[in-house]
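First to last, the protein sequences are chains A and B. For the first sequence, position 261 (counting from the first letter as 1) is numbered 260 according to numbering that gives the first Met the number 0, and the numbering increases by one without interruption. For the second sequence, position 152 (counting from the first letter as 1) is numbered 151 according to numbering that gives the first Met the number 0, and the numbering increases by one without interruption.
Watch out, some of these pointers could steer you wrong.
List time: in silico DSS-like cross-link candidates among lysine-lysine, alpha-carbon distance up to 25 Å [to be verified]:
| # | chain 1 | residue 1 | chain 2 | residue 2 |
| --- | --- | --- | --- | --- |
| 1 | B | Lys213 | A | Lys21 |
| 2 | A | Lys121 | B | Lys45 |
| 3 | B | Lys54 | A | Lys121 |
| 4 | A | Lys128 | B | Lys295 |
| 5 | A | Lys128 | B | Lys207 |
Distance windows between CB atoms, simulated [unchecked claim]:
| # | chain 1 | residue 1 | chain 2 | residue 2 | range |
| --- | --- | --- | --- | --- | --- |
| 6 | A | Val272 | B | Leu70 | 39 to 49 Å |
| 7 | A | Ser66 | B | Ala299 | 55 to 65 Å |
| 8 | B | Pro99 | A | Phe32 | 53 to 63 Å |
| 9 | B | Asn253 | A | Leu177 | 49 to 59 Å |
| 10 | A | Ser242 | B | Arg90 | 39 to 49 Å |
If you're looking for bench data, these hints aren't it; they were derived computationally from the structure. We put the CB at the ideal spot given by N, CA and C, even for glycine.
So the chains spell out like this:
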Amino acid sequence: MALQTRATTIPNRPQPPRRLIKFLFSALGNRYFLYTLSVVMFLAFWDLAAVKKVLGNFLPRPIEVLSQLLSLNTEPLASKTLFEHLWASIHRVLIGWAIGVSIAVPLGIFMGLNPYVRAIVKPVFDLLKPMPPISWISLSILWFGLGEESKVFIIAIGSFVPCILNSYNGIRLIDPALYDAARMMGANRRQEIIEVGFFASAPAIFAGLQISLSIAWSCVLAAELVGSRSGMGFIIILGMNQSSPALIIAGMVVIAITACLISVLMDRLEKMVCPWKRELPQ
Amino acid sequence: MRVCWKRGRASAPPPLKPLSDIRYRLLIKIYRTAYDFFGEMAMMAKENTRGRLLKFIPFISVAAFLISWQLIVQLGVVPKMLLAAPLDVFRLFIDKLTQPHPDGALLYVHVLVSLEEAILGYFLALAIGIPLGLLMGWFHTIEGFARPIFEMIRPIPAVAWIPLTIFWFGIGLSGKVFIIWLSGIVPCVINSFVGVTLTNPTSVQMAKTYGASKWRIFCTICIPSALPMVFGALQMALAACWTTLVAAELIAANTGLGFLITMGRRLTMPDMVVLGMILVGLTGFIIGVIIDAVEKKLLAGIRR
Numbered sequence: 000m001a002l003q004t005r006a007t008t009i010p011n012r013p014q015p016p017r018r019l020i021k022f023l024f025s026a027l028g029n030r031y032f033l034y035t036l037s038v039v040m041f042l043a044f045w046d047l048a049a050v051k052k053v054l055g056n057f058l059p060r061p062i063e064v065l066s067q068l069l070s071l072n073t074e075p076l077a078s079k080t081l082f083e084h085l086w087a088s089i090h091r092v093l094i095g096w097a098i099g100v101s102i103a104v105p106l107g108i109f110m111g112l113n114p115y116v117r118a119i120v121k122p123v124f125d126l127l128k129p130m131p132p133i134s135w136i137s138l139s140i141l142w143f144g145l146g147e148e149s150k151v152f153i154i155a156i157g158s159f160v161p162c163i164l165n166s167y168n169g170i171r172l173i174d175p176a177l178y179d180a181a182r183m184m185g186a187n188r189r190q191e192i193i194e195v196g197f198f199a200s201a202p203a204i205f206a207g208l209q210i211s212l213s214i215a216w217s218c219v220l221a222a223e224l225v226g227s228r229s230g231m232g233f234i235i236i237l238g239m240n241q242s243s244p245a246l247i248i249a250g251m252v253v254i255a256i257t258a259c260l261i262s263v264l265m266d267r268l269e270k271m272v273c274p275w276k277r278e279l280p281q
Numbered sequence: 000m001r002v003c004w005k006r007g008r009a010s011a012p013p014p015l016k017p018l019s020d021i022r023y024r025l026l027i028k029i030y031r032t033a034y035d036f037f038g039e040m041a042m043m044a045k046e047n048t049r050g051r052l053l054k055f056i057p058f059i060s061v062a063a064f065l066i067s068w069q070l071i072v073q074l075g076v077v078p079k080m081l082l083a084a085p086l087d088v089f090r091l092f093i094d095k096l097t098q099p100h101p102d103g104a105l106l107y108v109h110v111l112v113s114l115e116e117a118i119l120g121y122f123l124a125l126a127i128g129i130p131l132g133l134l135m136g137w138f139h140t141i142e143g144f145a146r147p148i149f150e151m152i153r154p155i156p157a158v159a160w161i162p163l164t165i166f167w168f169g170i171g172l173s174g175k176v177f178i179i180w181l182s183g184i185v186p187c188v189i190n191s192f193v194g195v196t197l198t199n200p201t202s203v204q205m206a207k208t209y210g211a212s213k214w215r216i217f218c219t220i221c222i223p224s225a226l227p228m229v230f231g232a233l234q235m236a237l238a239a240c241w242t243t244l245v246a247a248e249l250i251a252a253n254t255g256l257g258f259l260i261t262m263g264r265r266l267t268m269p270d271m272v273v274l275g276m277i278l279v280g281l282t283g284f285i286i287g288v289i290i291d292a293v294e295k296k297l298l299a300g301i302r303r
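In isolation and in its complexed conformation, chain A is listed as follows (with noise of 0.2 Å):
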């Protein structure tokens, strides 16, 4: 009975309500058509609560942050566009990352190869480790002034940390195998280490650093807020001091595109420069 009335109420080709919520559903399925629908509502329900006034007058619509962004490329800011802006936080961020990883990966290296330097150096680390980057930007204010200075040495001390331990965790956890391997060539102390360790351990200082880029990058933004005339953080620091909410949501935008663009480049990068690594699979 129930089979002859199922049999007889659906009928072969489904009806065009039907139709549609299958088509519905099999977009709910569709990853992308779900993204766009999460931005799009994302966008809808910032402008709402921007009209609506949720957060009192500090919550910009999206289109004055769109508008204010592109007014902030034609009108100088401090006598300087925004690109000027992005450009000389860069320029930081490179200087002090270089001086940082120039010191911290042959430290690190050494410190995975010798047990002596180990000995010497790691306490010292461990002792300096635990201190963020931030807090040392007051010492470096005493120290070096509100100039360049003080913000290359808080980039480059932000990013020695994670430098140092990457370097020296990617040598120290070399599998034993290779260098066993590699022995058995008749490989002498020399090779082991340039032709088997600073191969084997290339994924793991790379990641140092990226991660250490990506850290240098908020320590700019942070230097920049305590005392600067130039640079990303100085325009949100404007943005609050001149209590335009635009201003500091389009300077956001700009550093969050920077972050995205300075992770897929190092991405790239990395799959240039060892080509080796193994991913995890996903």
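Since the structure of chain A is already known, use the hints to place chain B on it.
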């Protein structure tokens, strides 16, 4: 394990020559045994001194670090306006325990205020970030909705939120908790998301074969297998929270360790700056150790 002293040698000790004189052979035998014995002793002594030296060097290096720091300041290589000697810092630490001058609060008040902000933000981040990440890893619809927004917010460093937060929440507790929450939620979501996606597909398929519902698979298979990753996030989130706390207090606060550091700069008291930095490092280290112990205890029953 005893190390054979002969292993590293290029040439072996003198071999026995076929001699008819039995006494001579005995002499050589004794000589060889003695050679072996003393060689072994020498090797052991050498190994021991090496090990002892390696155990000893860290203390020497820390002591040398502190003494050279003290001397640099004492001998006037670096002016006292710029760097405080460790003994001065210690003296200030003792003083600050009892008197609120010159920054307006006792030391333990600063520590407690900072701890309160950090722990509130941290636990809020855990309470929202971990379930969100777990659900994102298993249910595609939730992932589709939450991921783009998360990806938009993630690259913004927490420091960049400070001005906006001051507008929205003022410089009170809630603003700082918001910033700390933002920085702590990122590792929580990422780690628990990855933890769920790395679940062994064989067990999921077996559960499906036995007819388990999607929710049941999520609860009984995905969550336990993601737990090690989730606990890894606890430490990372803590580090992020603690760093951001200092940043938030550097910009706007009237108590707290970050404020202590800023105040030290404004009053040009490097000893106060260094004291604040040391306390930040120490407190972060202690919380890290506590969380590590908790993690070990919780993970004890779970096979990795």
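Can you list which hints this structure breaks, lowest number first? 5
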